[in-house]
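When you line the sequence shown up against the numbering used here, it's residues 2 to 490, in that order.
None of these hints come from the bench; they were simulated from the model.
Result set (DMTMM-like, lysine to aspartate or glutamate): computed pairs, CA atoms no more than 20 Å apart in a straight line:
1. Lys106 - Asp185
2. Lys444 - Glu457
3. Lys197 - Glu403
4. Lys196 - Asp167
5. Lys379 - Glu337
6. Lys475 - Asp330
7. Lys93 - Glu236
8. Lys151 - Glu296
9. Lys106 - Asp167
10. Lys242 - Asp222
11. Lys385 - Glu421
12. Lys196 - Glu143
13. Lys151 - Asp292
14. Lys170 - Asp292
15. Lys93 - Asp103
16. Lys25 - Glu75
17. Lys259 - Glu337
18. Lys350 - Asp386
19. Lys444 - Glu357
20. Lys106 - Asp38
21. Lys151 - Glu162
22. Lys259 - Glu249
23. Lys170 - Glu104
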Amino acid sequence: MNDNLPVVKTFDSNYSTSFYNDGKVINDPIHGHIRLDAYTINVMDTVQFQRLRDLKQLGSAYYVFPGASHNRFEHSIGVSHLAHVLIERFQKDQPELRITDDEVKCVTLAGLCHDLGHGPYSHIFDNEFMPLARPGLEWSHEQASEMMLKYLIDDNNIDIESDQLDLIKDLIAGIPRSRSQREDRGFLFDIVANKKNSVDVDKFDYIERDTHNIGLRSSYDVKRLLMFSRVVDNEICYHHKEVYNIYEMFHTRYSLHKRIYTHRVGKAIELMITDALLYADPYLHISEAVDDPEEYVNLTDDILRVIERSKVPDLAKSREIMKRLRTRDLYKFVDEFLLPIELITHVTKDTISAKEIIAYQTDGDDLQEEDVIVSWTKINYAMKDQNPVDSIRFFSKFNEHESFTIPKQQVSYMIPSQFEEVVIRVFTRNPAKTSRIQKAFRKLLKKIMPSNTQTEPSAALALPNDYADIMRAKRTRSNSIQEKSNEIK
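Using the sequences and the hints, build the whole thing.
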């Protein structure tokens with residue numbers, strides 16, 4: 002172990018012990034002991050913030066990875082802590098920036114409140130449910146965070162100036178509303194939600210927290226990025242030797258998306274939850290809650306339990322889906338196709354859809370459009386198809402006052418040349434039709450693929466001809482075991 006590496010302090014030992022009177026110290030499994038100031042506690046001890054205890058950070062992944070039980074609550078505290086550590090270090094190490102105590106406060110609170118607007122099961126709500134429940138509505142959880150922040154402040158009489166509130170909202174958005182007003186404070190907007198290159202403390206926390214809870218090992222070191230950074234020409238830059246560490250961070254993020262966030266079974270459960278919410282929406286008016294903070298504050302992951310506890314006929318379809326989820330009678334993954342970059346403009350959501358797939362069924366397959374779900378997933382390095390490191394500036398140990406970019410060929414020839422992939426996945430609501438849908442899907446692919454392409458679905462995913470018989474025998478064995486178990490009881 003290198004004893005010469007700098008240590009990022011969790012709280013300053015020079016603080017007076019009086020902070021125990023108006024603040025708190027909590028022990029976080031990721032960042033250790035965190036000191037929370039009085040103004041942070043005032044925001045945390047509200048109904049609006051405590052709601053985050055009831056929102057799973059990883060949504061449906063908890064049904065696949067039992068360790069993924071952490072919530073938006075602890076993540077938000079972690080982001081607030083890292084934002085505070087970083088802005089305070091800049092204030093201390095670079096006095097020429099003239100960072101005010103108000104700016105420290107606003108950056109800290111922006112980190113704390115950046116996820117106030119998430120809905121049930123996090124990204125399922127805003128990415129899957131809302132676009133289908135209210136098509137055409139321009140809505141995001143970031144907008145909801147602003148709405149909930151204002152509601153939190155008004156409802157709890159939090160003492161904060163209007164210009165501070167505006168700054169906090171802008172820091173959460175990552176962009177100042179008036180560029181001229183804060184033109185010389187651009188670096189502040191790099192901390193919580195960095196729109197220039199996506200390197201921010203939100204990412205620092207969730208990558209470490211998610212890998213820790215799921216049981217994965219991460220090779221990148223967030224503490225080094227916090228320490229080996231400084232503001233140069235109004236933006237946060239990093240020591241040149243941290244360039245590969247940053248690539249490791251983006252690769253870890255990609256790996257989490259590939260292996261965890263878009264896990265096949267997790268995605269199938271995500272689709273089930275979406276269907277359950279959509280069937281329940283006309284009765285429970287779930288999607289209308291986004292218009293009213295007093296309604297939205299009560300909308301959490303518990304909505305699924307509300308559906309399960311209900312007796313009304315209007316929620317029967319939703320209850321049926323939830324029963325399937327509880328008994329592990331899940332929607333079934335059918336097949337997937339990794340779209341080559343040269344075919345992205347050729348293959349669209351119109352050319353591969355549920356309607357198009359069932360058009361290629363064999364006589365007697367009895368495939369219906371509602372049997373098939375087509376999911377398009379983009380996985381990248383957080384900046385669409387761009388290399389985010391191209392937008393990051395670095396400084397040298399010989400001159401920390403000038404910044405520069407580092408081309409990837411000066412880092413490693415093992416860095417990818419493509420930074421986004423598109424995966425087309427097919428699922429079915431009726432597992433008994435899995436093999437029939439896969440055959441139809443592969444017929445469709447063969448028809449629409451250009452004749453000169455060699456790309457085809459993975460042979461490893463091809464179902465055997467007797468797949469239906471195999472699954473039928475498996476269900477019979479399972480039912481037999483259950484019957485014997487009941488007889489013993």
